[in-house]
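J.: Each protein sequence line maps, in turn, to chains B and U.
By the working numbering, the letter at position 184 of the first sequence is numbered 214, and the numbering carries on one by one without gaps.
By the working numbering, the letter at position 318 of the second sequence is numbered 326, and the numbering carries on one by one without gaps.
Please keep in mind that the hints were generated in silico from the structure rather than gathered at the bench.
Treat the hints with caution; some may be incorrect.
What the hints assert, rightly or not - According to the in silico footprint, chain U covers these stretches of chain B (three or more CB under 8 Å from chain U):
#1 75-81
#2 107-114
#3 249-260
What the hints assert, rightly or not - 30 Å max Cα-Cα, derived DSS-like pairs, lysine-lysine:
#4 B:LYS54 with B:LYS83
#5 B:LYS83 with B:LYS210
#6 B:LYS136 with U:LYS222
#7 B:LYS45 with B:LYS217
#8 U:LYS34 with B:LYS136
#9 B:LYS217 with B:LYS252
Ideal Cβ placement from N, Cα and C applies to all residues, glycine included.
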Amino acid sequence: MELVLQDVTTAYGDKIALLNVSLKVTPGHIVALVGPNGSGKSTMIKTIATILKARSGTITIDGSDIYRIDPIDLASRIGYVPQQYTYTLYSTVFETVLLGRRPYIKWTVSEEELSRVQLALEEVDMAESAGRFMDQLSGGERQKVFIARALAQDPALYLFDEPTSALDIRHQLGVMATLKKITMEHKSSVVIALHDLNLAFRYADTVMILQNGAVAGLGKPKDVLDPDRIRAVYGVEIRIVENEFGQFLLPVHQSL
Amino acid sequence: MAEKPQPNAAMQVTVHSLYHAGRLKKIVLLAGLTLLLLAAIVHAVSSGSVPISVHDTVVVTAQGLQDVLAHLFPPFASVSIPPPDNPQAALIVFGFRFPRILLAILTGLSLAVAGTVMQGLLRNPLVSPFTLGLSSAASFGAAVAIVIGPAFLGTVFASTGDNVFIIFMAFLFGWLSMLLVYGISRSRGTSQSMLILAGVVIGYIFQAGVLGMKYISSNDRLRDLVVWLMGGMWGASWNAVIILTPLCLGCFILLERMSWDLNTLASGDDVAKSMGIDVERLRLTGLMIATFAASCCLAFTGIIGFIGLMAPHICRMLIGNDHRYLIPCSALLGASILLISDTVARTIASPVEIPVGIIMYLIGGFFFLFLILRGRGRGLY
Numbered sequence: 031m032e033l034v035l036q037d038v039t040t041a042y043g044d045k046i047a048l049l050n051v052s053l054k055v056t057p058g059h060i061v062a063l064v065g066p067n068g069s070g071k072s073t074m075i076k077t078i079a080t081i082l083k084a085r086s087g088t089i090t091i092d093g094s095d096i097y098r099i100d101p102i103d104l105a106s107r108i109g110y111v112p113q114q115y116t117y118t119l120y121s122t123v124f125e126t127v128l129l130g131r132r133p134y135i136k137w138t139v140s141e142e143e144l145s146r147v148q149l150a151l152e153e154v155d156m157a158e159s160a161g162r163f164m165d166q167l168s169g170g171e172r173q174k175v176f177i178a179r180a181l182a183q184d185p186a187l188y189l190f191d192e193p194t195s196a197l198d199i200r201h202q203l204g205v206m207a208t209l210k211k212i213t214m215e216h217k218s219s220v221v222i223a224l225h226d227l228n229l230a231f232r233y234a235d236t237v238m239i240l241q242n243g244a245v246a247g248l249g250k251p252k253d254v255l256d257p258d259r260i261r262a263v264y265g266v267e268i269r270i271v272e273n274e275f276g277q278f279l280l281p282v283h284q285s286l
Numbered sequence: 009m010a011e012k013p014q015p016n017a018a019m020q021v022t023v024h025s026l027y028h029a030g031r032l033k034k035i036v037l038l039a040g041l042t043l044l045l046l047a048a049i050v051h052a053v054s055s056g057s058v059p060i061s062v063h064d065t066v067v068v069t070a071q072g073l074q075d076v077l078a079h080l081f082p083p084f085a086s087v088s089i090p091p092p093d094n095p096q097a098a099l100i101v102f103g104f105r106f107p108r109i110l111l112a113i114l115t116g117l118s119l120a121v122a123g124t125v126m127q128g129l130l131r132n133p134l135v136s137p138f139t140l141g142l143s144s145a146a147s148f149g150a151a152v153a154i155v156i157g158p159a160f161l162g163t164v165f166a167s168t169g170d171n172v173f174i175i176f177m178a179f180l181f182g183w184l185s186m187l188l189v190y191g192i193s194r195s196r197g198t199s200q201s202m203l204i205l206a207g208v209v210i211g212y213i214f215q216a217g218v219l220g221m222k223y224i225s226s227n228d229r230l231r232d233l234v235v236w237l238m239g240g241m242w243g244a245s246w247n248a249v250i251i252l253t254p255l256c257l258g259c260f261i262l263l264e265r266m267s268w269d270l271n272t273l274a275s276g277d278d279v280a281k282s283m284g285i286d287v288e289r290l291r292l293t294g295l296m297i298a299t300f301a302a303s304c305c306l307a308f309t310g311i312i313g314f315i316g317l318m319a320p321h322i323c324r325m326l327i328g329n330d331h332r333y334l335i336p337c338s339a340l341l342g343a344s345i346l347l348i349s350d351t352v353a354r355t356i357a358s359p360v361e362i363p364v365g366i367i368m369y370l371i372g373g374f375f376f377l378f379l380i381l382r383g384r385g386r387g388l389y
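Please put together the full structure from these sequences, using the hints given.
T.: Structure below.
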């Protein structure tokens, strides 16, 4: 599935949060959105998910305008994992993942729906916790369940809003590896907002840097995440360090 | 996940068996609650200041059914049913007890379902028709009708007799309060906390109105008002049952149909929107239908508290969060609790009848304490 944003602007009342952003996402690619707090990463994710409505510009999926696609049909094509997760008491893991099948379920739950849930849980290595309650899980496990919910939704495009921000480094790498796997195996596309520049550097095919809602850089990680641009956007000096695992960004100190 | 799913056989047991086992448990539970309600009905029919034996209860019920059926299919008239031991049984059962039992069932059902749906729509376990200002608004409507209605409408009021004006005002204010609450919260953004806060505040404002009405009321009127505010099944009549039955069942069906949307809403507004649900519309229509059902019943019974808060909580613990099962569960449990409370209220000090609220609030209050104490460990509060 090909997602194209053309000059998209989104605003909260008078405050413009995203200004004339254009982006093309091709199948099997991971696009990372980076930028300081309040730069418009979440706004962009929510705009693509149609949670917020773009004030101007066009967003198309395989050539058709997302606002003209039936919402349920659109929901079967776009899976969204929010930054802040919500669940209710007495909900189990598999019930939460089953909600990902909402666009396909009319009333009864078929065997195939259950199989999809099972597969999604296996994919994030949580199948053995299927019967546990959500409030019994750790933050990292919960995040995996929400990723499983998006997997169960079986979309062609995944939208993740900082899925790793609450996780320890082990789980961060686990989540990113899962995303890499789904894009490789299912030719799905991923748009992911990230705080950690190194994760973006390592896993993304394309990086978009946002600053005050506008695009401050777009391209391959190596081309975009250079010391000059990061100094301009974040006000931080970095060094690019290379070792046997590849290149890494090392923040040194705040710019003077 | 584009390919056909082929989970390995050993693992498949988990989600599938969990789902099916859970479903079976829920169906058994619903069947059990249905039996509880039926038992409560039989008990309520036979107990009271004039005890009616189970034999007579069955006999007069059969006779009543026969009358109706014979009307539709004449051959039924020839079936012979022995007469009841107590010649007054038919009058007591049909004239007094059945309308009252049915009113208690409809009210308990509607309040519990309304509470369940409100909690689901606002993702807040403390929401109920009470906390959203509905009950206070309905009280105010009734207070206006009771205290200044006669002076205002004069002879018209006197001629309508049957408290129609009180019922109408209570319903009208109850329902309008939700529009008001929703309108206020919409003007300040769309957060659920704002809606709940607006409900609480509107509740207090109407409460002020009720106090004002009490203050200016004459002694006779004050007594009527206090009785109405205490709530009870005194207003039971076949007319009330005939009006309420289609309204309550209609609302129940409409709300039950929202089950999957309510389930999805538990994942948050944003996720629900990304799943193709029009969250604003769902919240408005859901609140309006739930309020409509609750207001209709409160208008006839006066203020019946706690059931809208208590029944959903017990049911969530028993049956989980799937609204397809949770809503019917609440309906059955709400109906049972109110019917049992009402039966206790009218028999415990027989022939004197005490307000059902006293029984209900005691049950509700202790349950609430239990919730708070138990909730600490589960992260509820």
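J.: Are the hints correct? Go through all of them and say.
T.: Hints and how they fare:
{"no.": "1", "hint": "75-81", "in the structure": "holds (count 4)"}
{"no.": "2", "hint": "107-114", "in the structure": "holds (count 5)"}
{"no.": "3", "hint": "249-260", "in the structure": "violated (count 0)"}
{"no.": "4", "hint": "B:LYS54 with B:LYS83", "in the structure": "holds, 19 Å"}
{"no.": "5", "hint": "B:LYS83 with B:LYS210", "in the structure": "holds, 29 Å"}
{"no.": "6", "hint": "B:LYS136 with U:LYS222", "in the structure": "violated, 51 Å"}
{"no.": "7", "hint": "B:LYS45 with B:LYS217", "in the structure": "violated, 36 Å"}
{"no.": "8", "hint": "U:LYS34 with B:LYS136", "in the structure": "holds, 20 Å"}
{"no.": "9", "hint": "B:LYS217 with B:LYS252", "in the structure": "holds, 23 Å"}
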